[in-house]
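Undergrad: With chain A's structure known, arrange chain B on it following the hints.
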Amino acid sequence: MPKSARLVVIGLCALVIAALLWWVGPRGAGPVAPQPVIEQYAELAHAVYADSLLAAHDLHDAVNLFTANPSGETLAKARSAWRTARVPYMQSEVFRFGNPPVDAWEGQVNAWPLDEGLIDYVATSYVYEQGNNAAQANLIASPSLQIGGETVDATELTPKLLADLNEIGGSEANVATGYHAIEFLLWGQDLNGTNAGAGERPYTDYVDDPEICTDGEQKAPVSHCQRRIQYLQAATELLINDLEYMVGLWAPNVADNYRAKFVNELPENEALRRILFGMGSLALGELAGERMKVALIAHSTEDEHDCFSDNTHNSHYYDALGIANVYHGQYERRDGSLVSGPSVEDLLTDSDHQAAAELDAAMETALTDLNELVQSAKQGQHFDQLISSGNATGNKKVQAAIDSLVELAGEIQRASGLVGISKLQPDNAGHEF
Amino acid sequence: MAAFELITRKSSSAPRSRRGPVSWLSVLTLAALVALVLSGCERSTTAPPKPENPSRSGGATTVFDTSDKAYSLPAANIPITKRDRFFVGNAFFKQPWVIAPASTDARDGLGPMYNTNTCQGCHIKDGRGHAPVGPNADSVSLLIRLSIPPTKQTRGDLGKFGAIPHPLYGGQLQDRAIPGVTPEGRVEVTYTEHAVTLADASVVKLRKPRFEIKDWGYGAPGDELMISARVAPPMIGLGLLEAIPEQAIRKGADPDDADGDGISGRVNTVWDFDRDQTAMGRYGWKAGQPSVRQQTTAAFAGDMGLTSSRFPEDDCRPVQEACLQAASGGTPEVSDAILDEVVFYAEHVAVPARRFDKPKQQAQGEALFKASGCAGCHTPKFVTGEHKDAPYLSGQTITPYTDLLLHDMGEELADHRPEFSASGSEWRTPPLWGIGLAKTVSSKATFLHDGRARTLLEAILWHGGEARPARDSVVQMSRAEREALLAFLNSL
Numbered sequence: 001m002p003k004s005a006r007l008v009v010i011g012l013c014a015l016v017i018a019a020l021l022w023w024v025g026p027r028g029a030g031p032v033a034p035q036p037v038i039e040q041y042a043e044l045a046h047a048v049y050a051d052s053l054l055a056a057h058d059l060h061d062a063v064n065l066f067t068a069n070p071s072g073e074t075l076a077k078a079r080s081a082w083r084t085a086r087v088p089y090m091q092s093e094v095f096r097f098g099n100p101p102v103d104a105w106e107g108q109v110n111a112w113p114l115d116e117g118l119i120d121y122v123a124t125s126y127v128y129e130q131g132n133n134a135a136q137a138n139l140i141a142s143p144s145l146q147i148g149g150e151t152v153d154a155t156e157l158t159p160k161l162l163a164d165l166n167e168i169g170g171s172e173a174n175v176a177t178g179y180h181a182i183e184f185l186l187w188g189q190d191l192n193g194t195n196a197g198a199g200e201r202p203y204t205d206y207v208d209d210p211e212i213c214t215d216g217e218q219k220a221p222v223s224h225c226q227r228r229i230q231y232l233q234a235a236t237e238l239l240i241n242d243l244e245y246m247v248g249l250w251a252p253n254v255a256d257n258y259r260a261k262f263v264n265e266l267p268e269n270e271a272l273r274r275i276l277f278g279m280g281s282l283a284l285g286e287l288a289g290e291r292m293k294v295a296l297i298a299h300s301t302e303d304e305h306d307c308f309s310d311n312t313h314n315s316h317y318y319d320a321l322g323i324a325n326v327y328h329g330q331y332e333r334r335d336g337s338l339v340s341g342p343s344v345e346d347l348l349t350d351s352d353h354q355a356a357a358e359l360d361a362a363m364e365t366a367l368t369d370l371n372e373l374v375q376s377a378k379q380g381q382h383f384d385q386l387i388s389s390g391n392a393t394g395n396k397k398v399q400a401a402i403d404s405l406v407e408l409a410g411e412i413q414r415a416s417g418l419v420g421i422s423k424l425q426p427d428n429a430g431h432e433f
Numbered sequence: 434m435a436a437f438e439l440i441t442r443k444s445s446s447a448p449r450s451r452r453g454p455v456s457w458l459s460v461l462t463l464a465a466l467v468a469l470v471l472s473g474c475e476r477s478t479t480a481p482p483k484p485e486n487p488s489r490s491g492g493a494t495t496v497f498d499t500s501d502k503a504y505s506l507p508a509a510n511i512p513i514t515k516r517d518r519f520f521v522g523n524a525f526f527k528q529p530w531v532i533a534p535a536s537t538d539a540r541d542g543l544g545p546m547y548n549t550n551t552c553q554g555c556h557i558k559d560g561r562g563h564a565p566v567g568p569n570a571d572s573v574s575l576l577i578r579l580s581i582p583p584t585k586q587t588r589g590d591l592g593k594f595g596a597i598p599h600p601l602y603g604g605q606l607q608d609r610a611i612p613g614v615t616p617e618g619r620v621e622v623t624y625t626e627h628a629v630t631l632a633d634a635s636v637v638k639l640r641k642p643r644f645e646i647k648d649w650g651y652g653a654p655g656d657e658l659m660i661s662a663r664v665a666p667p668m669i670g671l672g673l674l675e676a677i678p679e680q681a682i683r684k685g686a687d688p689d690d691a692d693g694d695g696i697s698g699r700v701n702t703v704w705d706f707d708r709d710q711t712a713m714g715r716y717g718w719k720a721g722q723p724s725v726r727q728q729t730t731a732a733f734a735g736d737m738g739l740t741s742s743r744f745p746e747d748d749c750r751p752v753q754e755a756c757l758q759a760a761s762g763g764t765p766e767v768s769d770a771i772l773d774e775v776v777f778y779a780e781h782v783a784v785p786a787r788r789f790d791k792p793k794q795q796a797q798g799e800a801l802f803k804a805s806g807c808a809g810c811h812t813p814k815f816v817t818g819e820h821k822d823a824p825y826l827s828g829q830t831i832t833p834y835t836d837l838l839l840h841d842m843g844e845e846l847a848d849h850r851p852e853f854s855a856s857g858s859e860w861r862t863p864p865l866w867g868i869g870l871a872k873t874v875s876s877k878a879t880f881l882h883d884g885r886a887r888t889l890l891e892a893i894l895w896h897g898g899e900a901r902p903a904r905d906s907v908v909q910m911s912r913a914e915r916e917a918l919l920a921f922l923n924s925l
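So the sequences go chain by chain: A and B. Residues in the first sequence are numbered consecutively from 1, following this note's numbering. Residues in the second sequence are numbered consecutively from 434, following this note's numbering.
In isolation and in its complexed conformation, chain B is listed as follows:
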């Protein structure tokens, strides 16, 4: 046991070797070094800058990891003295929340009904979730939103909640529950495949999912039920998106397609519970949430059954008696102090840099991306404004490849479930930054709101509505052009 007894020593009394007499050479070296330091010259570390597509997709917050940790790093410009907040928040994001009561009293209160017990379980390694591979496969990283059409009496609730919750099941199917409480149901997915032939005669198989809910726990849901499947999105760059000035986003909006380019672009106007007023929606597949903070509290409440000062009630419906009677993990279950750390973490997950490993092909792909009209919605560049809670995110030139606006994506992608001002066929343009590392981070990652696309090419081919012309031009591309386009996307 002696080997791990403490080594107690006063550091200053231990011997140190010192350098011998000064040589002229080292004086000169020192002088040169001093000159270097005084001139403020730091060794240049980046490739020659490309004016339109800098490698630093997230400005000074950008990180350069290309491993499976690429989505899990703090913004690079957070000083080391502030990084503990990121790692503390991250721990609460990763570690399981437990059923109350528990000795872990700051992290109990899971459920009574929920989808999963960790954030990381859906945002896999801070990246995307995925659609279940088949009927009985795990569907943890995908959830089903529920609602019914508004009536005259309930229409007024739309302004705050965006959709009318189902009277028996609420706004989201919770397929897990603590012991003694019946889960709301179980998701089953089946796929039908069809082939798309491209102009160069190559064939791509697309799979269309059909989501069914089995084993309803609280009776038949009725004919009015509307459902929408949603896969967990990646966590990168969320604070930067929050810091984009509202006017800059509005500038891209063209609700009535006044410029006649076939692309509308609408702002989703949603409810901000923190300010008790309407706000611009930025997060979620239909931009139903205005801020990282509200998105976080809503996910704690809906996905994990955890109350917060913002949403102090568990999501139990009147018929769900066992749910209403279950033990609480505290009032609220997620304290403001812990919430603050998780929000800090969620705002500061860094975006990985672009990789220029095939510069010529990627440049060609980028030109094709623009020529095909993709950049009409996937807006390459923004400059962030002042973010008062997150100074490291302010004033950054970023390349998210999103306009954060709603677009009609056509019948094939439609969920026919409106959310605030988003129609049943409108979706918010998802950011493309970091997308080339999606499968490095999680090999199972899938794309689009319900995870139907297994590859980026499949995702492109599902684009319809306003994006149909862009999609068609990709179909018409030669193999080399298509590969260049994908090489560009994979460089992001």
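Here chain A stands alone, though its shape is the one from the complex:
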């Protein structure tokens, strides 16, 4: 055979093989394997916790500035830093459900609701769990506490002491640490009920001067202001420590951290189950159920998530955005850069294009409806007003967001079946981490 003919045959063979390869392989952009999706999920978790940590450092700086120089302006800056710190943290909540070490860690960081009388002064209208001996302990005013026969030396308000005080006496309402304890220290109680306005703690609560120091509207011993400064700093430091730990769990290239086990040791189906369970649990049980439906049917500001600061609308929105992040395999970092990679959506699109589009649509609707709550707050009607019993329009807005989250959870459940997760249930004994 002439050389040229041989080349033609080889060329033809190559074409046939290429065609065969093309035919054997799935259409479109190529098949999506679960493993890269699982890796990208871990990447997102790491990025969102790293951002939460950076934002907590900013909060710490703002708190230091405020306590060194208390004024209306520095207090406003500290409050703003707290709100900013909530943006990445709320987007991290989707990682809490489904991942046991995150759920076990979360209590010290974001426990809610709380009997805030444990921490500081409260109004006489304060409602707390009776039988909770610590509900009126007032750590700011009391260097030594008697709680259910136990004596606690609280002379120094250290991060460790605060952590030990969580759930003291056995009540879950005793929360001494985390975002909501810091929120209370910055804002104080919101005494406006379902009317406009958030907590109005004056900056003078932090003035280390016997002539100026206050407990709200009342004059107070200077030790109260000194202890409040100490408390706020200790709680912020603890938050940083806790977030450092969580960043460590998700850090890449560490031999035996949670990420390594999650990515390399868990069977793919189990890892996918944790991912999808986290998305669905946050959407329905936690966000639509405990954080929105309860507040709505009880018309109760006590059930409002960020109740001191009136930041609930943002918390809810960013919670849902976290679900969308995981679905789309991407996260916009605080510096504006985009972390992006193989996603649950790719995986689902591969097995059922239609279902993927429907989940996407449900996700967008949920975000749009939650955005309505954000827009309402910007126009002066916050979540605590929307849930008031006389506010039919407001109630309707909250109900719409709940309904779209219910819809979303249904789509997530359907998607799970389509990617091979027959039972979307919490973790069981089979996996020790």
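Please note that a few of the clues may not be correct.
[Unchecked claim] Listed next, with one range per pair, are the computed distances between beta-carbon atoms:
{"no.": "1", "chain 1": "A", "residue 1": "A251", "chain 2": "B", "residue 2": "G897", "range": "56 to 62 Å"}
{"no.": "2", "chain 1": "A", "residue 1": "Q379", "chain 2": "B", "residue 2": "V752", "range": "40 to 46 Å"}
{"no.": "3", "chain 1": "A", "residue 1": "A104", "chain 2": "B", "residue 2": "P582", "range": "49 to 55 Å"}
{"no.": "4", "chain 1": "A", "residue 1": "A104", "chain 2": "B", "residue 2": "T888", "range": "23 to 29 Å"}
{"no.": "5", "chain 1": "A", "residue 1": "E217", "chain 2": "B", "residue 2": "S761", "range": "29 to 35 Å"}
These are computed hints drawn from the structure, not numbers from a lab. Every residue, glycine too, gets a C-beta built ideally from N, C-alpha and C.
TA: This is chain B only, laid out in the frame that chain A set:
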């Protein structure tokens, strides 16, 4: 402020990375995965099954948490799309109810007289309450039932109410009240200790409580008063117990001890207000309530002073005028919609799995449990029937370690206060599932109806009456045997 401005972006327009060309290896992996999925093979996650004691104490509802949250989780087999009901109900279980009128209008109406303002305050972290440690210690998670003996005129009320309420104080001492209303009294407990020497010469100290009511708010109660102290029981597995078929429970009953084993086992016949007829009692220390729903409405009414469509009246006696005149939090105070969620929650609190961390010792303990006769009342296994309101609880093989029957527990434990068909010395066998995590959930947890037992061994040593032979055989055990028995109980 820019940092928390909304990030508005259309998700589909953002860049995504896609995988490159397919490698043969990934095609093979995919094929293997597809085969795996098609074969329906899910990775096996349980230890080799033990035929008699599966680790899944609550069947498919079982959860595997061993932390202090172990009693607070929804049944594992509830799909995520139904879990909001659990968490909504749980929130109403945890959060304080407030005095009416309040802006929180769906959660007001506390009192006028009550024991506490949250369910969780007594069912601590969904677990047990505890007895007060001393005379002035808090007694929130314990309540005192009150009654007087029936007369010819009132005897007819027993069929519906189980006991005759005290004319001044009603069926339960309410030691708190809203401002302007006098509480009914205050509970004081004192303990006398005595020692029990076991066969291996080790000594266990038991404390016997004496409950006294001080500061009576509405006059002296008189000599006929009967009291019974009750500690709040844990919330786990209540719906599963409801789903056990009545015949299966009746099969264990032996009211006249026809088989001569010294153990009777009687069904308590109580009143079902929802169906307006008699029913089998399943809940409460004397099995005085037939259903989770009725138990819940009765607790709302008695413990918190909250009315429901089932019990629309506040528990105020004729002499308690301020109580009768207090503001209402709505008619009823607990709406049916909220009640439904709380009942759903109460029915679906999951039972934690057994833990086989010391398998040999625990197996020995389990054998001793049976050999000593404990399983004569603490029946290990049932299969639930169809629960029409709770499909996830139906058809589950469960290991509650209770027969749900009444047994004579002897003079030492007797409260001398009958309730429906339960005599003054009869108590319902309490379930043992999850009991090994009781102190993990609440370090203060105590055992038995009045919380007198601080440990499981103390609880065993208080067993008398029909359980006396079982108790005696534990006294006779060697240290190793006793430790094995306790290791078994702690594995539950």
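Undergrad: All hints are to be evaluated individually against the structure, with a verdict given for each.
TA: Right, here's what the structure says about each hint:
1. Between A:A251 and B:G897 the beta carbons are some 59 Å apart, a value that agrees with the proposed interval 56 to 62 Å.
2. For A:Q379 and B:V752, the Cβ-Cβ distance of about 55 Å falls outside the hinted range of 40 to 46 Å, so the restraint is violated.
3. Between A:A104 and B:P582 the CB atoms are about 53 Å apart, so this pair conforms to the stated range of 49 to 55 Å.
4. At roughly 27 Å, the beta carbons of A:A104 and B:T888 sit within the given window of 23 to 29 Å.
5. For A:E217 and B:S761, the hinted distance range of 29 to 35 Å is satisfied, since their beta carbons lie about 34 Å from each other.
Checked against the numbered hints given earlier, this structure breaks only hint 2.
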